[in-house]
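Here is how the chains run, residue by residue.
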Amino acid sequence: MPNGTTTEQTGIQALPREPLVLRQRSMNWITNRICGIVENRQPLLWWLLFLPCAALMGMLAFCLCYLVSTGVGVWGNNHPVGWGWAITNFVFWIGIGHAGTLISAILFLTRQKWRTSINRAAEAMTLFAVMCAGIFPAFHVGRFWMVYFLAPIPNANSIWQNFKSALLWDVFAVSTYFTVSVIFWYLGLLPDLATIRDRCRAGVRKALYGIFALGWRGSNRHWRHYEMAYLLLAALSTPLVLSVHTVVSFDFATSVVPGWHTTIFPPYFVAGAIFGGFAMVLTLMIPARAVYGLHDLITPKHIDNMAKIILLTGSIVGYAYIMELFVAWYSGNKYEAAAFANRTSGHYRYYYYAMFFCNVISPQVFWFSWCRHNVWMVMAVAMCVNAGMWYERFVIIITSIAQDHLPGAWDFYRASWVEKWTFAGTLGLFLGLFLLFLRFLPVIAMSEVKGVLPQSNPHHHPANDDRAGGGAH
Amino acid sequence: MKRIWHHPQPPATGKRYWRSLGELEDRPEFRGWLEREFPAGASEFGGDEVSRRNFIRLMGASTALAGLGAASCRRPEAYIVPFAHNVEWTTPGKPVLYATAMPRLDGCTPLVVTSYEGRPTKVDGNPLHPGQRFAEDGEEKSTSGTDHFTQASVLDIYDPDRSRSFLNEGIPSDPSSFDGYLEKWLAEAGSGNGVGFLVGETSSPTRARIIRDLKIRYPEAKFYRYEVINRDEARAGWAAALGSERIAVVPRLERAKRILSLDCDFLGMDRVGGNPVRGFVSGRRAEKLAGVHDGEDGHKTYEWKPRGEDEMNRLYAVEAAYSVTGGMADHRLRMPLSQVLRAALILARELGVEGVEEVEPAGLNVERVEWLKTAAADLRRFPGEALVLAGTRQPAEVHHLAAVINEKLGAFGETLQLLEAPENESIPFLGVADLWRDLRTGEDGQKGIRTLISTTPADLLYDAPDNYRFREALEGVEFVHLGMNRNLSALAATWHIPAAHYLEAWGDLRSSDGTYSVTQPLILPLYGGLSELDLLLRFLGPEEAAVASDEGSWATNAAAVSTEAPSPALVAVRKTFEELGGEFSEGAGTAWNYALRDGFLPRSGYVPLEAPAVAPVRIRGPLPEPPAGVDSLEIAFQWDSKVYDGRFVNNGWLQETPDMVTSLTWGNAAVMSVATFKALGLKRDGQRIRVVVNGRSAYFPAQAIPGVADNCLMVAVGYGQTACGEVGYGAGFDAYPLRTSETTYFARGATAEVIEEDLILEADDPEANRAPDRDGKVRVARWEELALTQEHNSMEGRALARDGGLDEFHEDPEFSRYRGMDSHIPENISLYKPETKDGTPFNELDRNHQWAMTIDLSACIGCRACMMACQAENNIPIVGREQVLIGREMAWIRMDRYFADSGIAELEEEAEHTAPEDHAKRKELKKTVKSAQKAAKGTSNPQRGVGLLNEDHLEMITQPLACQHCESASCETVCPVNATVHSDDGLNAMAYNRCIGTRYCANNCPYKARRFNYFDYNKRNPLSRTKVGPFEVGNLYAGPFGEKLRSDVLGLQKNPNVTVRMRGVMEKCTYCVQRVETAKIAAKVAARGSADVKVGVDAVRTACQQACPAEAIVFGNLRQPADTVNAMKASPRNYEVLKYVGNRPRTTYLARIKNPNREMPGGRHVGQMTKHMH
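Protein chains in written order, with our numbering: chain P, 1 to 473; chain H, 1 to 1174.
Chain P extracted, bound-state conformation (with noise of 0.2 Å):
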């Protein structure tokens, strides 16, 4: 664990860092806390949010079930629109898939220790969103059953896919991230589980976390090991951040449609994705924290912290927003003229709309201290935020191939019943998850905070206090 700080090293007197985690808790108060909401009953509150989540879980799958048995029809697409409220949600759940393995990866190569608390819940929304996120280029080919033409598999036809094709990096991408993101959060469990274990009495639930747990034993190896593996993933995770955002990007930047057809569309998407991921972040640990009593460890700087990267990363967006509309006045292009005055004033503008302010107006208040001081205002923010990144996806996509190069194929789109529940059912699968991630995984990786709580720096002299000394791993 890296320890010291600078002003220590030079001794330098400097205003002292605000700690990381609360009250000066002890390890074992974090062992408790965390290992605590998995090994005590959940309260109220999770009940009453997970079963209208399995009832939506439901909804999905009979949706699916519908739409795979009679026809993409059933969705509310058309000829010019063959792409309507799936991908749009697709690109928005990978969005939001995009904080935890930054958070994670980015962070941890950074040194950024506060990243400690979060990293855990994060990644597991990650992969949660980009599970919901497969489900729609998944289900909204016109033939389900014959999806597995996407994988290169050798066929009998010598049939191999398509590489020019921007989707097809897409599955790779995806696909790619999906796994590296699951070894990595699964590797950086493995501690927490074993700690677990160990608490478990005997029984079915010791077994499983032990299984689970790959006999983790705590061994000086072990944690060599296990640093060097959770290092490595990190530098092989950090890419993949900014490539799966970029490569969903290229769905639309490698098409000729006006308004997708863009340069710009990398990094603006990539920005967007950590906006709307940390705003999703912020959406689930705001409450879990106040829930599950961990204001300890998810303190306000780490809110304040998440709200400068909204801040941040939603005006990159905002820039390239105007931007966009710049370069179409400026290129002298009428089709391309055309498809950003259509955005800002044609039948979809409203969206438009909503997603200006939701993305760009709206998080301006936190160049203000109390604003991201303020946990139900950064809490609206963060609704607005999950709100206008939908909106974005949706004005990208609808909005540019309803209207495109020749006036005579025009037409417009209204999502059916079927889309909508089907939506409402990946939020349901999504939320689901997290509660029973909550339910049956530490939420908060205990070790890796307890790794940056000021008692584990060897240097570490507690001035007047001994509650921090004892508790080991």
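Hint data in this document are derived by calculation from the structure and do not stem from the laboratory.
Here the structure is a predicted model, which is why all the values come from computation and not from measurement.
There could be a bad hint or two in this list.
[Stated by the list, open to error] In silico EDC-like cross-links for lysine to aspartate or glutamate, where the CA-CA straight-line distance does not exceed 20 Å:
(1) H:K777 x H:E726
(2) H:K930 x H:E912
(3) P:K164 x H:E910
(4) H:K373 x H:D310
(5) H:K1139 x P:E336
(6) H:K447 x H:E220
(7) H:K141 x H:D598
(8) P:K164 x H:E972
(9) H:K1084 x H:E1067
(10) H:K833 x H:E808
(11) P:K164 x H:E835
(12) H:K288 x H:D137
(13) H:K921 x H:E910
(14) P:K164 x H:D984
(15) H:K926 x H:E910
Place chain H on chain P using the hints.
Below, chain H alone, put in the same frame as chain P:
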């Protein structure tokens, strides 16, 4: 006899083998399975009256002609064999072509019909027919073009809702009962007192003879002729002008340099005779081929030279609403139908016609008079080369005036052929008014007509003028009705007899110039119908019907090999044929065989009328006043481009092919100008109005279409039928109730009010003019979305369908290449080299064949025959109104139609040319343009995108758009599974089996030419509704629980060489790859061992090309230098749509060149829709 197939018995002796374990056990379940596996007649289609076996019998059993060599002759019945052994002349998948003809208002359309294994699947024009041949630039040319009705007519044979059985008082009966009735009737008929025969329009000489015979047999019988859309006014006009009822008029538009149409949609719906579209287009070419030079490596260079203003024709159109003719016109004058007479009068005066001074044609504004005067002056400049055509709907006076004007212009014998029909074929008929009179009870308490035998295709109880109450009048009358559909008349008739389709029966027709064609059946009547000739012959008595047995050697011969007597109609047609001088002798090579093979009898046309004297015009009474305002509207009863007069209401292809102008499918609307739309207080298309006229009222959805004469409502008839099949039921609103005998084509003094709330009417409410719902109620919502296939009317400044004036073309023949984005962006330079590893460019992989297409917008009139031909050729399903509303129509060719207001262009140009110092004026002009555009956009969706300043200065352009087969196709690069790929010969191919349906290709197609199967349109009925629990959903939405196709019979129309697509796959235009491959295979076969496998010159014709009456579509091989497509591509007018995208489309367009008279009012800006676009 039906054979029952048993599971073959195992041999009684020797070793026993079991063919399965089940057989060894021999349990009841196994026996059950066996029965299911080998049931008697298991391959029957089930449920329907047509079974596979039955079908084969029918198609094999066409009426006999003893095995003669000509391919056109029928297969003798004696040789019916199961297809396990191949039938002679039949190779599965190989079509057999037959020549026949389709009856039309102007005579007939000569046809060549494609038949696969006995199933007629596709009809096309007969290029051999003299009516399809003409001289162009000194060359003899011919065309196979047809219109969309002809193309769609083949579907009617297989319509499962067709009348399939005899009905007696509406109750299904059988033919033998009718025979009994007929026998009794014949015994009692006597001299025919109280007997009426009601027939439709036809040019059939045989029917004329039978009518003559009937007149002899029943001297006291009466003969009526009735069809909603008829030639009565034209006939009367010409009769008044030339003093003869027998005049046949054939316009020769290829000879006309100046044409003026008086409400005559000769390019579209008006059947004026001859081949008007091809003739018009032939004079429409803006350039001619000046030379062809052989260049290097066998390539040719083509030199095109623009024509002069006087070498190219010019079209003036006076009409009430946009028609395709008006869309093609160089100058168009919008005018209510009632005012066309006024226009004709002014024209006649200007041209110095005598006898028209009496009536003062005042009431037109100055600009309109000026328009007519300028046009007249232009016509006068071309004696013998000018032509004035009057529309079928115009009163006889207008036709008479047109005749006089044409004489004055020296058109007779030049641009207008006058012919005289034989005397004995011109039979005087009584009209529908006489029928009404005779059906009423007279003073003696007896009806004038007590038996009515009707063979007219019209539906007397549905479409007759509303003041004739035929339902009441027919009470107590024995009504024998022959019809294809179970319409109101059929259900009310004493006897309804199912009619045979024209492809199912023997008959004969004359084309407009009199050329005699024998119409031969390709299949025995699928549902046992009778033809008109068959039925009328039966009324002549048994001896006439049985004439077959002793009518000459051929019949005896036929009878010898036939199990049934030949059709009496055939005997009658043979007789006519001989009367007309058609020589007949035994054996092959006779005139009869040639007539059947070629589709016509040579030199059988009408006789030219020499030096006719034209009677002067007398205009009766005061001229009708123009509609004053929204309190006194004029309503015109339009024939419909989908259902005609209502007879095609159950044809799904027609219902789903958008109207030529309004782009409306599955219904009708009250179409009006944008100004009238606003004046009535309407906000959006589809709002309901209640129209009151002639003391009658009806509801219609309103639709604004720019360019309709103000204060006019154009309403298509033929909709809102309650007695029709599943396809037509519920489509549209009935306009017939508004029509009286006095106002057959238009009525004045109508009012319209906007309906503010949803109405629910009882089915018997006199105002209910729509088919009731299941609960028997008629719902009239205050608003309902119209099923439009194109919702945006403007090109949005995009220079897609490019146009120009002839003067501009002279200045710079290549002007069209530098329009729109192409005018100011540098060409795309690709870093990617489209070539293989050894350096062969991808577009040269096949050095023999590279396919390409050109579409000449100068020629394309927007008639949509191509859409229909494509539908028939490529097994394109219909999707139903509900799906069209969502925007899921499947047509592979879309007909984009744009309007533009040249007045706005004028203002914009003026603003641009105003000196920059004159800020105020410039600002003012720009403001006017903006407000005009905004005014149009703001009020409603209909005229979306057309900024309107002045509806008088409008232009319309159509652009057929299908897959462009781009060399660098953006669909191909994005398909993740390689389902759409490029073939070596330059086709953008679709592998349906590989497609998983991501729809990425469709999104990325800049032309939006791809079509996705959102549902199993080919397998499930898209029209019905299914109950799922408490909900009623469209059948398609019921998925696996939904109803399958209406009938397997529909499958019989399918082209066996084209895959029928399943749900979830993408499809699009294939350049008729099946035809391309057929030609390539033929070339390979012909090449034998040699390497010369290139297909011949112009050897492949796509379905759309073949059907195009204007020959606007040219398809060919870029590697065959002599192919026409290469010449077209070399035209200076050739341009690529969306060139800037860099897709390199193989389909290119030739800009439309107009020939405007710049002196006309508003003529300065004609042909400049795209001039200022960039």
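Violated hints - listed by number, lowest first: 3, 9, 10
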